Every structure is written in structure tokens, then in C-alpha cells.
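Protein chains: 2
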Amino acid sequence: MCIMIRVYVENIQDTIMLNAKQMHYLKNVMRCQDGQIIEIFDNQNEWRAKISFPHIHAIEQKNIEQKLATIQRRPKIGMGYIRKSRLEWAIEKATELGVDEIYLLMTDRVNHKYIDLRRLERIAIEAAEQCGRIGVPKIHENIKLSNLPELNWVVAAKEESSDKNAKYYESQDNQINNAQIKSQDTQINSQSDSLIQSNLVEIIENNRTHIEQSNSIDFWNGDGILIGPEGGWSENDLSLLQKYNKVQLHDNVLRTETAVCAALTLFRP
Amino acid sequence: MCIMIRVYVENIQDTIMLNAKQMHYLKNVMRCQDGQIIEIFDNQNEWRAKISFPHIHAIEQKNIEQKLATIQRRPKIGMGYIRKSRLEWAIEKATELGVDEIYLLMTDRVNHKYIDLRRLERIAIEAAEQCGRIGVPKIHENIKLSNLPELNWVVAAKEESSDKNAKYYESQDNQINNAQIKSQDTQINSQSDSLIQSNLVEIIENNRTHIEQSNSIDFWNGDGILIGPEGGWSENDLSLLQKYNKVQLHDNVLRTETAVCAALTLFRP
Chain A
10 MCIMIRVYVE NIQDTIMLNA KQMHYLKNVM RCQDGQIIEI FDNQNEWRAK
60 ISFPHIHAIE QKNIEQKLAT IQRRPKIGMG YIRKSRLEWA IEKATELGVD
110 EIYLLMTDRV NHKYIDLRRL ERIAIEAAEQ CGRIGVPKIH ENIKLSNLPE
160 LNWVVAAKEE SSDKNAKYYE SQDNQINNAQ IKSQDTQINS QSDSLIQSNL
210 VEIIENNRTH IEQSNSIDFW NGDGILIGPE GGWSENDLSL LQKYNKVQLH
260 DNVLRTETAV CAALTLFRP
Chain B
10 MCIMIRVYVE NIQDTIMLNA KQMHYLKNVM RCQDGQIIEI FDNQNEWRAK
60 ISFPHIHAIE QKNIEQKLAT IQRRPKIGMG YIRKSRLEWA IEKATELGVD
110 EIYLLMTDRV NHKYIDLRRL ERIAIEAAEQ CGRIGVPKIH ENIKLSNLPE
160 LNWVVAAKEE SSDKNAKYYE SQDNQINNAQ IKSQDTQINS QSDSLIQSNL
210 VEIIENNRTH IEQSNSIDFW NGDGILIGPE GGWSENDLSL LQKYNKVQLH
260 DNVLRTETAV CAALTLFRP
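So the sequences go chain by chain: A and B.
Position 47, counted from 1, in the first sequence is what the numbering used here calls 56; the numbers after and before it change by one each time, with no gaps.
Position 219, counted from 1, in the second sequence is what the numbering used here calls 228; the numbers after and before it change by one each time, with no gaps.
Okay, chain A solo, but in the shape it has when bound:
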């Protein structure tokens, strides 16, 4: 049984002054003593270090060739804003699953509320400390689809339904959907918040890749994947994303944060 105590620091130096939060964590939470060996990492290196409150001293660089190899090509995620608790959860899980950068997307159906970027960054740092990675993902807020970084993105979208009744549901459910998007009713939000919904119209058949038909280890050659918000992509969103390939992550309809996990699990550079 082996638990590493790991602390993220901005730049590894011979002697590092602990900040208040790190002091609290090491002293009160993990009950470390002077002289105890822990692990420190910045975004490039991993070292063993000795505690000498209020400092830690880097004592030996760790052999992290394998870890460095796995981060040569780390996946990026773009995701629509979702409810705070689910967004925080997605950040934690995306970090564990090796995400490199997270773009929070301003899509048409985003009901954008204030987010505390510092809090999200702290969640990412804690997850990185726990899961053993040597880097902390960057989080970018308020990214417009028209302003995405020039990368080879893949878009997560539900396959067009082969159900003969699909059109029937579509017309009927439009009114419900509109009510849902616009409503402030928290009960509705709690029921259908952050569902990625089928889009029966916009997905272009020829432009779609089925995971089922490909090896999921290398199922895309992209740099990252874009995942819709609660309410799914709008037609306008999809027209902005037209040039990218589409993938369906699962037979079931996945919530945004579930899709983040599934995508990063399948993305194995």
C-alpha cells in the first residue's frame, strides 16, 4: 500500500516556502513532521523533497520518463458551461483522466452564470496532486465557438436516430425543450440539466465517425473534443463546428460531465 503525499509548486527550487494552504494540508491534514519525505511537482518535473516547516527542500529528481512520454500529446476538452456542482465535478474528473487544457464554451444554449475560476483551478490542482500527474490543466473561460484555438477538434454528438418515430418526437418535444431552456424552474433544471441531446437535423452523415467502427485507442487523430452544454448544441453552434469530425461517445444519451469522462477515457494518445 502506497500513498504519495504530493504537493504542486509553481517552480521547483532547492528551497520552497510553503504557502498557508500547503502548510495546513501537510501539517494538519496529513500530519507530516519535519524531516518527512514527500513528492513535489511543477508542470515539468517531479522531485522528492524533505519537509522542514515552513519550507520544503528538493532533494532528488524522480525518474519520470514514462510520465513525460504520456504527456507528449495530452487531450484538450471544450465543454459548455453546466451547473456549478457538475462543472466542478467535471474539472476534477477531467484532471484525473489526464486532460491538458479545458475550454469553457459560450454556446447558444449556455445559461451562463458566474463561475469562480480560482476555485476551479484549486480543484484541478488538488486532483492533480492526488492522481499522480505532474502537470495541472489550464482552464480557459468564456470561449466563443467562433474563437476556438486552431486545433483539430472532434465534436461529440449523438447519432441521428434511426427511429421511425423520431420526427414525431422532435416536433412534439420542441415545445418542451424551449420551455426547459428558458425556464428558471429549478425542478426542470434538476431533471434535465446538462443533458446532451440528440440533434436530428444538423449532423452531417458523411462527416461522422462511429466509435463502434474504430479502435477506441486511436479513434481520433484530433487534439481534443468538444462537448455540448445542457440543452445540447444549437443549429447555429453546429454550423460553426461544421468543419470538424463528429463522434458518438455512447449509445445512451450522456450528460455533459459524463461525456467528458467517457471522451477522456477513450482518448489515449
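Hints in this document: simulated from the structure, not taken from any laboratory.
Be aware that a few hints might be false.
Covered stretches of chain A, going by a simulated chain B footprint (3 or more residues, C-beta under 8 Å) [as the list claims (entries may be wrong)]:
1) 101-108
2) 142-150
From the structure, some residues in chain B lie toward chain A, with a derived Cβ separation under 7 Å [claimed, not checked]:
3) Lys102
4) Glu150
5) Gln257
6) Cys270
Subject to a maximum C-alpha distance of 25 Å in a straight line, what follows is the list of computed SDA-like cross-link-like pairs (lysine to any residue) [as the list claims (entries may be wrong)]:
7) B:Lys93 - A:Glu135
8) B:Lys147 - B:Trp56
9) A:Lys93 - B:Gln53
10) A:Lys93 - B:Lys76
11) A:Lys36 - B:Arg92
12) B:Lys93 - A:Arg128
13) A:Lys153 - A:Val38
14) B:Lys93 - A:Arg92
15) A:Lys93 - B:Glu135
16) B:Lys71 - A:Lys122
17) A:Lys252 - A:Arg83
18) B:Lys93 - A:Arg131
19) B:Lys30 - B:Arg83
20) A:Lys93 - B:Tyr34
21) A:Lys122 - B:Ser94
22) B:Lys30 - A:Arg92
23) B:Lys122 - A:Ile134
24) A:Lys93 - B:Ile132
25) A:Lys93 - B:Lys93
26) A:Lys76 - A:Glu19
27) B:Lys71 - B:Lys122
28) B:Lys93 - A:Ile134
29) B:Lys93 - A:Val38
30) A:Lys93 - B:Val38
31) B:Lys93 - A:Tyr34
32) B:Lys93 - A:Lys71
33) B:Lys36 - A:Arg92
34) A:Lys71 - B:Gln257
35) B:Lys30 - B:Arg131
36) A:Lys30 - B:Arg92
37) A:Lys93 - B:Ile134
38) B:Lys76 - A:Gln257
39) B:Lys36 - B:Lys71
40) B:Lys30 - B:His66
What you are looking at is a predicted structure, and each value in this text was computed from that prediction instead of being measured.
We treat Cβ as the ideally placed atom computed from N, Cα and C, and that holds for glycine.
Following the hints, complete the assembly by docking chain B onto the known chain A.
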């Protein structure tokens, strides 16, 4: 854009009496009217149905060949008990990702607290309604490792570290680990709750399958996967699981609920 309103019922009949919760959901949350068409499902069929409060009337069986094909061999999950909020999250996500049965495991390191099985079942039903599947997973509580159903299980375990310093950390971290397992300190729990930890001793080299070396679509021929609790597997746990193959789900150390998501994403029968 298409949102299905879906309601799980125990047995589809011509006329089904709605219970109080279903009435509330359809009337107050989704604002359905008499005459509106929704979708109902039991564990075997999916129908269109017409609302006529307080009843719904099954009107047409849906073509679900594709869905039935995907459930011919649904994955099962065994997972150690973890903190309530994380356990509930795992149930929701496992349902979305197609789990068939969930076994809550009484492992050595489980700090077993009272769980509300009915609440977990409701979470599974709601997730099933939302994600489009036609069955609801069964949840089994208090399963001992010595009493697992006779299935071809695969065990999620972290690969033995190739780090030369691993033994060093192991001896040093034992004391921290013991403190963590036994402590009631909630801060410690919040930091390291539900981590799946490396086990440097017990994993038998010959018995391990590396996902990296296999096609993740069919990376196991098993019926399901077993995932450790907060604190990981004990040596005793692993001796009880000796006959099963081991897999490492990810290079990083995954929390229990993250491992549940990763395993079910990779399991594509």
C-alpha cells in the same frame, strides 16, 4: 433537437396508474398535458404512451432491436463503498454508461456507513429515464468478496510501480495510510477519500493485462469489473480475488467513482 420524456414503469400494460412521484414529474416538472405522448419502458420494452392523468395508456411498441442488441451482454460493476455523495454520483454515471448490476462490496478498508438503498435505486431510475436505456440496473448491497456471484470478474488495480523509489515511499507512507484509514478527521477524508491506491506487493505480474497492449473495445472477456474502495484493496482482499485477471484502467491514480466511469466506457460488449 429532441428530448424524450421517458418514464420507467414496472410492467407495461394497456393502462398504467401513475404513482405520486411520476405524477409530480410529468405534471409539475415537465408540464405535460392530457393527450401528450411520452415514452415508457420496463426492463424489456419501450412504448409510446399517451397521458391521461392519473393514467398513461400504452399505444405503440417501439422498435428497439438495436437497444436490445446492446444489452445482450451488459457489464456489471463491483465497487467498494465510498462517501455518500460520491457513491450516488457513481450510481448515476454507471447507469448512464450502461451498467447492468452494481455490487456494493464489503472490503477490508470499507468504512461502511448506512446507505439508503431506496435512494440509490431512485437515482438509478432517474438516470435510466434520462439517458434513454430501457432497463434499470439492479443494486446489491453488502456483498462480501468471498460471496461474489460466480462470474468472470476483472479486478481494477494499479500497475506495480517501476519507480526505483517505490519501496521507499511504501515504507514511509504506511504510517500515513494507517492514520488515514483509521482517522475520523473529515479533512483527511476530503483529501484522500476514495482513492484507489497502488498496491506494490500483491499484484501478480503474470496475471495482469495491460490495457495499453490490448484493444480497449474488447479488452476483457469478463462479465464485469471490481473496483476498490477508498484506501484500495487490502492484501487480504487481493488474495480473495487472486483468481481474476487484473487491469490497470489509467496511468493516473483514479478515484473509485472515476474508475467506475472509465471501466464502463472501456467495456464495450
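Structure versus earlier hints - violations, ascending order: Of the numbered hints given earlier, those the structure breaks are 2, 4, 5, 9, 10, 13, 16, 19, 23, 27 and 32, listed in rising order.
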